[in-house]
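Listed here are the chains, written in short residue letters.
There are 2 protein chains.
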Amino acid sequence: MSTMSFSLEPAVYRIGEQLARLSAGRTPTLFERRWWSQTALNLAMQDSAFKTQLFRFIDVLPSVTDDEQVMTLAREYLGDGATPLFVTRWGLKAISATSLGARLSGKAIRSQVEQMARTFIAGATVEEATPRLTDLWQQGRACSVDLLGEATISDREADRYRDRCLEALTLLAQEASVWPSISLLERDHLGPIPRVQLSLKISALSHHLDPIDREGSYRSVAARLRPILDLAMRLPASLIFDMEQADTKTLLIEIFTRLFSEPSYKAYPHAGLALQAYHRETAQDINGLLSWVRQRGVPIAIRLVKGAYWDSDTIRYRQRGWAVPLFEHKVLTDANYESLTHLMLSQSSLIRPAFGTHNLRTLAYIEAVAESLGLPPEAWEYQMIYGMAEPFQHAVTQHGRRLRLYTPVGDLLPGMAYLVRRLLENTSNESFLRKEYVECQTLRTLLAPPVLERLSQKQPFVSQPTRTQEFRNEPQRDFSQADSRMAMQQALTTVRSQLGRQWTSSSEELRLTGPLIESRNPGRPDEVVGRLSGASSDDVEQAVRRAVRAWESWRDTTAERRVEILHTAASLMRTRRDELAAWEILECGKPWREADADLVEAIDFLEFYAADWRRLASPKRLGQEPGELNQRLYSPRGVTAVIAPWNFPLAIPTGMVSAALVTGNSVIFKPSERSPMMGYWLTEILREAGVPEGVLCCLPGGPDIGRALVRHPEIATIVFTGSKDVGLGILKDASTLIPGQQIVKRVLVEMGGKNAIIVDETADLDDAITGVVASFTGYTGQKCSACSRAIVHAAIYDSFLVRLKEAVLSLKVGNPEEPGTQVGPVIDRRAQAKIQDYIEIGKKEARLLMDGTVTGPGWYIGPTVFADVTQTDRVAQEEIFGPILAVMKAASFQEALTLANSTAYALTGGVYSRSPANLELARQRFDVGNLYLNRPITGALVGRQPFGGHRLSGVGAKAGGEEYLTQFVVTRVISEQTLRQGFAPAE
Amino acid sequence: MSTMSFSLEPAVYRIGEQLARLSAGRTPTLFERRWWSQTALNLAMQDSAFKTQLFRFIDVLPSVTDDEQVMTLAREYLGDGATPLFVTRWGLKAISATSLGARLSGKAIRSQVEQMARTFIAGATVEEATPRLTDLWQQGRACSVDLLGEATISDREADRYRDRCLEALTLLAQEASVWPSISLLERDHLGPIPRVQLSLKISALSHHLDPIDREGSYRSVAARLRPILDLAMRLPASLIFDMEQADTKTLLIEIFTRLFSEPSYKAYPHAGLALQAYHRETAQDINGLLSWVRQRGVPIAIRLVKGAYWDSDTIRYRQRGWAVPLFEHKVLTDANYESLTHLMLSQSSLIRPAFGTHNLRTLAYIEAVAESLGLPPEAWEYQMIYGMAEPFQHAVTQHGRRLRLYTPVGDLLPGMAYLVRRLLENTSNESFLRKEYVECQTLRTLLAPPVLERLSQKQPFVSQPTRTQEFRNEPQRDFSQADSRMAMQQALTTVRSQLGRQWTSSSEELRLTGPLIESRNPGRPDEVVGRLSGASSDDVEQAVRRAVRAWESWRDTTAERRVEILHTAASLMRTRRDELAAWEILECGKPWREADADLVEAIDFLEFYAADWRRLASPKRLGQEPGELNQRLYSPRGVTAVIAPWNFPLAIPTGMVSAALVTGNSVIFKPSERSPMMGYWLTEILREAGVPEGVLCCLPGGPDIGRALVRHPEIATIVFTGSKDVGLGILKDASTLIPGQQIVKRVLVEMGGKNAIIVDETADLDDAITGVVASFTGYTGQKCSACSRAIVHAAIYDSFLVRLKEAVLSLKVGNPEEPGTQVGPVIDRRAQAKIQDYIEIGKKEARLLMDGTVTGPGWYIGPTVFADVTQTDRVAQEEIFGPILAVMKAASFQEALTLANSTAYALTGGVYSRSPANLELARQRFDVGNLYLNRPITGALVGRQPFGGHRLSGVGAKAGGEEYLTQFVVTRVISEQTLRQGFAPAE
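In order, the protein sequence lines correspond to chains V and U. Start counting the first sequence at 293; every next residue gets the next number (the working numbering). Start counting the second sequence at 293; every next residue gets the next number (the working numbering).
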């Protein structure tokens, strides 16, 4: 490819010069010296911290209705007396004192930002936009209308988007029917093209667009697309699928080809989709589409863009630990764009190529390729964004090329998000427009080819982490990958084939003598998942005796060996990952992703504690004085009892057990009687990894076994995760010295929460509602971190409730073996009954917004929402451990915080807000162990979000944090006098 | 001075060449290629780590009687299969394979080392040595005999040394009477000089040589010196005081001048003392002595040496944080020596100058100065060490100068310590002999003057600490300084003048309504130290309510402000240091140094926790992923109850209270009813430093007040130091949830110990006995860290008991206001009665070795020792908290460890051993919180030896360590999603 590129360079430069001449004397609207935005944008381009604050401020603006509050937020974001440093440091003083400051008012700011938004948005409605579209047509520019909207978080919202599309098509077609005829815009090399084009945001057509669930996603999207398509075919109009985040790319292409293979739509010649040059797979995708088009026999349009989700996709993939599927460097994307230009133009008999670009070099390059292929000018079109790069719009039009403007239509509120993306694009270091119109680079530079050799001198777009960390989180499965989905299906089949078996511990040492424990599938209670021997109280005595004996050599095992065993166990879990997840899906009723997340967390605990113990195991020297050597060492405490819960049946016990083991303690592990199989697997894996007989003993059983362990004089440490009542009982029991006891017991208890999410009036409601729903319904609310209270500012309370209800109504409740299931059953009949009791209590105390009644053979409870809950209501105070949400209204952020803090728990909490001051207040005053800002409140990651609460939520250091392991050891300080006969070792 | 020096250089070089010629063809015995020591010493000179091991091995040898064990120790120190790295790394393979290895046996090693020792020691007894001394005299060399001995740790041993001196003088005089007459050796410029000279180690003449106690030291030393002097005058013989460690220098000079000012000894013309050129004050000391000699009218001898305690003095002063009074660089010492040469030779009408040196340059320099002053050769003498620098001995004798050899006589055991010092001297980088005979430097280099300008290129002898630490331990008072002693006396007078007063809290907030508390002087129980209002249970309720309220603003106070308050409190304590120590002496019966140590520790706690909170207070970022900001923060827990003991009545509560305060908690502080005045002062100081009203409340009172605090629902944290029974009761009480309680109480308890010191058969008994005595009698045994068991290897059990008894018998028990007092009273009648009960128990269980009965009006209990105690005896199991020691016999080190670990406590422990394997075993298996190797087991320093135990000794992190503060906080993790509208702040 690169040799081809080089041979085109003279043509590229010639055409580039020509286009530049045509564009001369014009400035893009955004860079015109019209209003303060120009000053602000200049500042933003000089300073990325200021840019962040400015764009965040612009982002929050539409949600604020009160002028006073606009001023407050302006101060919070852009500084004033409260943060004078900001003002002086970023040179904002200049604006506030002159152009901006003199007439600064909330109203003025709003109107200025609205004006800026209007640069890019043709109108709030199609009616409002049509005069602009007509003007553009008359100037020889076609449009592709994009209906801006909030994120779709419910079926109702998806329906609404469908209806808006239908309306828009009708209106546009009506309007366009009276436009003058312009041949270049109405016909290409393959035939006539409609005057009207609509760009479709497919994710807006379904709340269920989820790559894990191909079939469900297709059904949901296609059902809403068909009426749109039917209409488009009638009018006619062309329809283009916009491309979105990388994880839905394959799904969208699949939907596209499947839909347009349906008999009714197979002959429709005006379908198209956008593809992104920054994606590494795009050439492959185009080739796939070409094959499909050949089969179908009817062409499609392909709009090639560079891609608009680079930052967020890169960040999200990195956060998940997945390989980023996008090119890391802009120059690689540019090169790929040019390469794809060849591919598309050379296949113009099958596709209608459309090129989205605002880059002079790219324009000239496309021209040069087309010229080299001898293509007529109607064989492709350019697409640019409404309001952007007007000089180039002018130039290509003058040059006799077809130009289509991607034209957003919609409200200011969703429009603001669109504005911010455009501003980011224009002000980016890599922006061609910035280079030409702000930095005034030479034409030679601007037209230079994307040279890969320059890469080494370039910074990547986002800086890399600079510290090398020993520990890295295990990535969750990317279920947008077909092989991941197939592996899980396969594992489910394998596990299903073993259901009902009786399992026996591989330990030769101790044969349990208690009653048989039967594990049942919560989704199908008649199905026995597995049978295991339970422990008797005699077994407890035996197990402790063996553990004491085994400890003698285990504590002398080297730290390296113990660390190695944890790494081995992690490897075994990785190898058996899908199978273990499948067991968990069947034993605990977890949806796929939740089960996979539990596996990931278990692996993380093993790797994190292994790495952390390596850090802690070697003696640390204290002080630097000569003649004395003071060292701090850690020694194991003794036998540890681990009393584990069922809700994270692998991860939580893995963390507790492995922490105790790696630090040199022996362990008696009582898995929950609700998840004995997962306890069995954990024990087997640790044994296989090398934990010696006696050092780890698994005693499946109920509360009596737990009590016997807690009261045993030779148990040095007790680690419990479960309910508050049991936890407090353990604390009390363990504090009484028993004859023969040699150490004060250490008790680590994690006891639950009554976790609140505060949503203030500046919150991004799309995010807030999604976050609240995910946090209260994830694993059917059976997480100690789950949200059970939403405290919502009065100003948005009603609209919050409306959208919340729609979102909850749209959840898929059902069998967790189905990949599309969002909410499965609860763990058992007892849990179901308790939750149902609370629902009855709630009905008396508050207003039932959503009734979660679900019928079925399994232990189902659908997500249930109470509104107008007050602080003292039981549903606002007591942990329910089910998908029950209490929504409370607060008059102010301060009141919301007071409400949030008004339980005895302090585990997790969340805030959705775009007010820096409120976020800061929450940092200081929201009294929880794990506070989440602008994100869901479950899913703490080992190492990054060490997990645990205080008050009556727990005692002990956070799991997955660097203070955790020291709880399993005693600290010894050894001080040696090294001075002997007047001499000490040289230091 | 330096100009004088320079003008002497031609003469120095001329004479140096002449002396070098006279010494030519000879090698110092030590560097002769006679036996393996030469190889070993060469290796040692190349590698300091090997040198340490080799010299340590040599040091331990005499204590080992068994050949097998010699081999074992050789392997432990010098490596074998167990530590192959050592062998290969240090090239020891070479020796062990060839010269050493082939015929390596315990016996061979012993005899080789003994042979090496014999190089430096003229004989085990004076009888054995006299033939050598006679030979030397006949070769024209006089002697100064030095009687080697163990350290004197009892009066009996001091008497023994006195007797040995008397015997030696008699024998030597007898022998010398038949020596031929040698004029140069028998007459100097001031008259006749005796044939016999004895060098006296003054510290061997008294166990009580202690600069804090001038008068007591003088009485004790002078009483034993007088008979020696009387004899020396009769014979006649000359007597020279050796100079020792820097902290006794001034005391020794005082003793010298005071004794020789006594009428009986005023005319004695053969007294002398050694002075050290490495000491910065020596010129001043010589001038002081010259004035005194002028008054006295009779000359003295001054032996100028460079000084032999540089390493140990430097290390000990640094460890204490005191300014080192010695020159840091050898070149400065050399320059000072030359400068002092001028001073001494120019005053030879008043003093008999003697120059101790083995340095050719120095010899030549002295000659040059004497020549320039025109002194006759008999006006000064040279002193060299027997067995060292024989070529120079030869040269100066040939040159017609008087030479006296410093000649040690004594057993191999104390002799080995002497040998090691000589080996260190010879193998040091700075050793002239090494430079000439091993490194073969040129004569020009060897004779070059000590040039100060070269300093910058030189390394100091001991490397400096490389890390800058924010925290530095406050130095204890150096009571060898007269002004320190005077300040304390003055403070005692001031405090005495205030005894009996009633004190009122400066707090305006809470007037206590409980009964009046009277504090009494344990040394004089009829003396009321002070009166204070006690708290009632109503007051507890009030105080907690106020503390909860005050917490609201205190927790919001910046970390900087709280840190600043601690620093201010530390400054206030420094300012009022002697006064506070005086209060403690009177209220708690602590001897001066113990009271001062408590002040120091209190200051350390304030400074350490301040520095540590500065480290911890700022949020810590977790993970490096883009788009998310995870931070760990610490928030205060709430109201903290501090229930404090009386035995460290300032330090311990200062630590507990300041840790709670600096982390943002409010504090209710209950000082012990046995030390209410110290509690009062602490509270006043913290208030004065800026702790706001309500944030700190002092409630003096008894157990009822403690109980009320423990059971209060609004107390979040309880910090207790005291007895095991009370501690366990608190743990139990606090674990029951009380209605209204909002947080699980955290209880930090420090509960005591039954601490053992193991003394194995390789131990340095001088150190071991001193260490055991200090550890069990310090503050009359009333420290939780105190030793209460000594576990002694059977091989040395009997000799240990004999010396231990003598050492204990020699302790000064009495009024702690007297600076010389080593053991004061116990705290009160109750404590005395309890200890007396245990003495009665012990008498039934074991053999009473030392009865500590002391009569007196105060609550005295003298140090009491039981021998043959067995594991199950109550005196071996129960904490007595008094100066009671149980001595137990162990057949092996392993058994000793088992015995040591056989109590329910695990606080402190100690080992005296010179077996690396045993020390390593102790590191692994001695199950205590603070283990001390080859040093006393009390006196843990903040930061360097964080303090605390486990098992039933305590719960919680170590005080004065970097894990302590986190106990007073809850950990909060805040995770912000920073990605908004597709962009995140640049990282």
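One or more of the hints may lead you astray.
[Unchecked claim] Result set (DSS-like, lysine-lysine): computed pairs, CA atoms no more than 25 angstroms apart in a straight line:
1. K912/V with K558/U
2. K1135/U with K1097/U
3. K1126/U with K1097/U
4. K399/V with K493/V
5. K1024/U with K1024/V
6. K622/V with K727/V
Bear in mind the hints are in silico, worked out from the structure with no lab data behind them. Since this is a predicted model, take the numbers as computed values, not measurements.
Self-check item: 25 angstroms Cα cutoff - pair K1126/U, K1097/U
Solution: 23 angstroms, holds
Quiz item: If you draw a straight line from the CA of K1024/U to the CA of K1024/V, is it 25 angstroms or shorter?
Solution: 7 angstroms, holds
Quiz item: Regarding the pair K1135/U and K1097/U, is the alpha-carbon distance no greater than 25 angstroms?
Solution: Roughly 16 angstroms separates the two Cα atoms, so the pair holds.
Practice problem: Quickly compare the C-alpha distance for K912/V and K558/U to 25 angstroms and report which way the hint goes. | Solution: 58 angstroms, violated
Self-check item: Pairwise hint evaluation, K493/V against K399/V, where the allowed Cα distance is 25 angstroms at most
Solution: Since the Cα atoms of K399/V and K493/V sit roughly 32 angstroms apart, the hinted pair is violated (cutoff 25 angstroms).
Practice problem: Given the hint that K622/V pairs with K727/V, test it: the Cα-Cα distance must not exceed 25 angstroms. | Solution: Holds, at about 14 angstroms.
Hints 1, 4 from the list above are not met by this structure, while the remaining hints are.
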